[in-house]
Amino acid sequence: MKQPLEDHVATLPAVEEKPASPSAPRRMTLNMGPQHPSTHGVLRIIIELEGETIVKAEPDIGFLHTGIEKQAEFTNWAQTVTLTDRVDYLSNLANNLVYALTVEKLLQLEIPPKAQWMRVMLAEIDRLNSHLVWLGTHALDIGAMSMFFYCFREREEVLRLKEMFSGQRMMTSYIRPGGLALEPPRGWDQAVGKFIRQFPGRVDEYENLLDNNPIWKIRTQGVGFISIEDMLDLGVTGPMLRGAGIPLDVRKTEPYSSYEKFDFIVPTRTENDVYARYRVRLEEMRQSARIIMQAIEGMPSGAWQADAPHVVLPDREKMKTQMEALIYHFKIVTEGYRVPPGEVFQAVESPRGEIAYYAVSDGTSKPYRLHMRTPSFGNLQALPTLLEGSLIADSIASLGSMDFVLGDTDR
Amino acid sequence: MSDFNHSAILETKEALGETTLVADAAQIVDLCRYLKHEHKFNRLCSVTAVDWHPAEPRFEVVYHLHAVDPAPSTAIPKVRRLRVKVRVSGADPEIDSVTGVWRSANWYERETFDMFGVRFRNHPHLIRLLMPLDWEGHPLRKDFPTHGYKYSYKAEEAK
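Protein chains in written order, with the working numbering: chain A, 1 to 411; chain B, 412 to 570.
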């Protein structure tokens with residue numbers, strides 16, 4: 001259990017007082033990162049300690065800043081998809097999806113049901129990928145090493161599925177404005193179905209491994225509390241907020257890509273600690289598996305790309321036989337497509353929370369401005385509030401429970 | 412907020428299902444406080460800017476607001492979104508900080524300062540966030556070259 005600050009300080013051995021400040025307790029400044037393994041990337045935190053208690057924590061970000069928002073202004077609307085992959089390497093399809101929805105909203109493009117359902121299914125496969133990596137590495141940080149092997153066993157299968165669809169394991173660029181990049185491969189439904197049928201059993205396995213482990217419970221229960229008011233004020237979203245009992249999920253509150261047609265629940269807990277966030281994510285994996293199963297069973301037939309020859313690349317066969325398709329292909333590849341002037345703010349639920357793109361178009365073939373409101377950036381801002389007052393040994397558990405990706409933070 | 416002055420809202424727009432308020436830069440804090448307390452916009456999603464160089468006023472500072480029911484429950488909360496825009500001149504881009512209204516504005520305003528050079532008055536800690544502290548220029552300005560001022564491929568080749 002978390003000890004109150006005063007109680008803990010009272011138990012500390014007395015330190016030799018410095019003559020300069022006889023009343024102030026001795027403080028120590030500790031630099032954590034940017035290469036610390038538990039920060040999962042390049043996050044630097046400057047921690048001020050009083051004994052073992054953190055009294056001040058100051059995150060320092062920007063080590064992974066690659067200027068994606070600037071680059072987007074120099075690539076055309078179609079090329080920018082590949083940049084969105086690189087924002088968050090664990091949930092690239094969520095980024096593809098939010099970008100595609102943003103552009104389609106500006107173009108006022110109607111997407112056929114099959115593409116929408118495919119997108120839902122792929123976004124959920126991506127959520128499994130992200131949560132599996134999170135669970136494996138978070139448990140590894142806390143000391144449960146074997147979880148890492150179990151989670152990465154399943155993650156490998158998820159990556160194989162992504163490769164089957166797009167030819168790429170991580171940077172898939174599979175969801176594009178106007179639909180999907182390629183036609184879904186033959187036998188995708190058997191491959192996904194085979195994986196997803198055994199997946200809930202695997203989640204039970206993780207649950208057994210961790211919930212019957214007293215060390216895991218001691219390390220996570222009652223650790224990492226942050227009040228709901230603080231979280232809303234500081235812009236925290238996603239499983240952190242749901243672990244405190246607020247069922248805020250963009251998939252339910254503002255359904256996109258026909259999420260309203262799927263039957264799933266938004267898991268919440270009220271404990272508001274590291275353990276609650278773990279339970280929420282575990283339950284989310286089960287719900288994702290449900291959604292994927294529903295998507296396979298009820299997949300609509302029809303086109304997987306919008307009927308918009310000025311936006312989507314023509315079929316290869318048509319390009320060889322039809323003059324018009326060849327012209328469209330030439331125009332899209334050389335100049336790109338023009339997007340009507342306007343501005344759009346589109347949010348989706350990524351595995352980490354609310355991801356939203358704000359796109360401004362001036363009517364040309366390149367984005368005038370593309371702002372990415374990423375969940376890791378919003379969540380990381382709450383880090384000082386989360387860490388201050390807790391023990392240094394608990395900081396790793398608290399950090400891990402936020403599930404941030406530094407590429408997502410710095411963009 | 413009885414002292415709130417409706418002259419703060421210069422323009423309202425409704426496009427593609429999204430509402431935009433264009434506000435007076437001098438009254439942005441009052442307006443935000445009014446929207447937070449009277450209209451329950453308890454979350455600030457993001458703050459960013461758009462550079463309309465060489466037009467004047469050059470910058471648009473854009474706030475995205477989100478209203479969420481803060482009570483824990485099992486029912487899905489009803490949410491609303493709102494965009495507030497403020498036009499700022501390019502000669503001396505400065506605007507009041509809204510960190511006193513929502514604490515989440517802190518990093519977003521720092522990022523906007525870093526990328527666009529828009530200064531936020533009364534911000535508690537207005538230093539660069541993503542770029543190195545000694546960086547010259549503001550990268551997301553339209554007159555900033557993609558490769559920066561200091562380094563270029565041409566200079567490398569000339570060596």
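None of these hints come from the bench; they were simulated from the model. For clarity, every value in this text was computed on a predicted model and none was experimentally measured. Keep in mind that the hints are not guaranteed to be accurate.
[Unchecked claim] Cross-link-like lysine to any residue pairs, in silico, SDA-like; alpha carbons within 25 Å at most:
1) K553(B) x G336(A)
2) K496(B) x T385(A)
3) K424(B) x H464(B)
4) K496(B) x Q71(A)
5) K424(B) x E388(A)
6) K553(B) x P247(A)
7) K261(A) x T431(B)
8) K331(A) x G342(A)
9) K366(A) x A486(B)
10) K56(A) x T82(A)
11) K70(A) x K496(B)
12) K252(A) x T431(B)
13) K553(B) x T82(A)
14) K366(A) x E429(B)
15) K451(B) x I68(A)
16) K553(B) x R86(A)
17) K56(A) x W463(B)
18) K252(A) x A486(B)
19) K252(A) x T485(B)
20) K553(B) x Q79(A)
21) K56(A) x R539(B)
22) K447(B) x T385(A)
23) K553(B) x E335(A)
24) K70(A) x H558(B)
25) K447(B) x P247(A)
26) K70(A) x P556(B)
27) K496(B) x A308(A)
28) K252(A) x R492(B)
29) K261(A) x H464(B)
30) K553(B) x A78(A)
31) K553(B) x T66(A)
32) K451(B) x A308(A)
33) K489(B) x Q71(A)
34) K331(A) x G298(A)
35) K217(A) x A78(A)
36) K56(A) x G389(A)
37) K424(B) x G193(A)
38) K366(A) x H534(B)
How the hints compare with the structure:
Of the pairs offered as hints, the one joining K553(B) and G336(A) holds, with about 21 Å between alpha carbons and a cut-off of 25 Å not exceeded. For the hint pairing K496(B) with T385(A), the CA-to-CA distance comes to about 29 Å; that exceeds 25 Å, so the pair is violated. As the CA atoms of K424(B) and H464(B) are separated by approximately 22 Å, the hinted pair is consistent with the 25 Å bound. Between K496(B) and Q71(A) the alpha-carbon distance is near 24 Å, which keeps this suggested pair within the 25 Å criterion.
Distance check on the hinted pair: K424(B) and E388(A) sit about 42 Å apart at the alpha-carbon level, beyond 25 Å; violated. With a C-alpha separation of about 40 Å, the suggested pairing of K553(B) with P247(A) is violated against the 25 Å cut-off. At most 25 Å may separate the alpha-carbon atoms for a hinted pair to count; K261(A) and T431(B) exceed this at roughly 30 Å. Between K331(A) and G342(A), the direct Cα distance comes to roughly 22 Å. Compliance with the 25 Å bound is thereby established for this hinted pair.
Straight-line distance between C-alpha atoms of K366(A) and A486(B) comes to about 41 Å, which puts the hinted pair past the 25 Å bound. Proximity of K56(A) to T82(A) is assessed by CA-CA distance (about 39 Å); at most 25 Å being required, the pair is judged violated. Taken as a hint, the K70(A) and K496(B) pair is honoured in the structure, with Cα atoms around 21 Å apart against an allowance of 25 Å. For the suggested pair K252(A) and T431(B), the alpha carbons sit about 23 Å apart, so the restraint of at most 25 Å is met.
Restraint check: the Cα-Cα separation between K553(B) and T82(A) comes to about 22 Å, which is no more than 25 Å; the hinted pair holds. For the hint pairing K366(A) with E429(B), the CA-to-CA distance comes to about 22 Å; that is within 25 Å, so the pair holds. Note on K451(B) and I68(A): the hinted pairing is violated, with a Cα-Cα distance of about 33 Å set against a maximum of 25 Å. For the given pair, K553(B) sits about 23 Å from R86(A) by alpha-carbon distance, which is consistent with the 25 Å threshold.
For the hint linking K56(A) to W463(B), the alpha-carbon distance of about 40 Å lies beyond 25 Å, and the restraint is violated. Between K252(A) and A486(B) the CA atoms are separated by roughly 10 Å; this keeps the pair inside 25 Å, and the hint holds. Using a Cα cut-off of 25 Å, the hinted pair K252(A) and T485(B) holds, with the two alpha carbons roughly 12 Å apart. In summary, the hint linking K553(B) to Q79(A) is supported, as the alpha carbons are separated by about 20 Å, within the 25 Å threshold.
Taking the CA atoms of K56(A) and R539(B), the gap is near 20 Å; set against the 25 Å cutoff, the hint holds. Restraint check: the Cα-Cα separation between K447(B) and T385(A) comes to about 22 Å, which is no more than 25 Å; the hinted pair holds. Taken as a hint, the K553(B) and E335(A) pair is honoured in the structure, with Cα atoms around 21 Å apart against an allowance of 25 Å. With a CA separation close to 10 Å, the supplied pair K70(A) and H558(B) stays within the 25 Å bound.
For the hint pairing K447(B) with P247(A), the CA-to-CA distance comes to about 21 Å; that is within 25 Å, so the pair holds. Among the hinted pairs, K70(A) with P556(B) is consistent with the structure: their alpha-carbon atoms are about 10 Å apart, no more than 25 Å. With a C-alpha separation of about 33 Å, the suggested pair K496(B) and A308(A) falls outside the 25 Å cut-off, and the hint is violated. Restraint check for K252(A) and R492(B): satisfied, since their Cα atoms lie roughly 15 Å apart, inside the 25 Å limit.
This hinted pair does not check out: K261(A) and H464(B) have alpha carbons roughly 44 Å apart, beyond 25 Å. About 21 Å separates the Cα atoms of K553(B) and A78(A), which keeps this hinted pair within 25 Å; it holds. For the hint linking K553(B) to T66(A), the alpha-carbon distance of about 17 Å falls within 25 Å, and the restraint holds. Restraint check for K451(B) and A308(A): not satisfied, since their Cα atoms lie roughly 40 Å apart, outside the 25 Å limit.
This hinted pair does not check out: K489(B) and Q71(A) have alpha carbons roughly 36 Å apart, beyond 25 Å. Of the supplied pair hints, the one linking K331(A) and G298(A) is violated, its CA atoms being roughly 36 Å apart against a limit of 25 Å. For the hint linking K217(A) to A78(A), the alpha-carbon distance of about 47 Å lies beyond 25 Å, and the restraint is violated. Restraint check for K56(A) and G389(A): the C-alpha separation of about 8 Å stays at or below 25 Å, so the hint holds.
Pair hint K424(B) plus G193(A) does not hold up; C-alpha atoms about 46 Å apart against a cutoff of 25 Å. At roughly 33 Å between alpha-carbon atoms, K366(A) and H534(B) are farther apart than 25 Å, so this suggested pair is violated.
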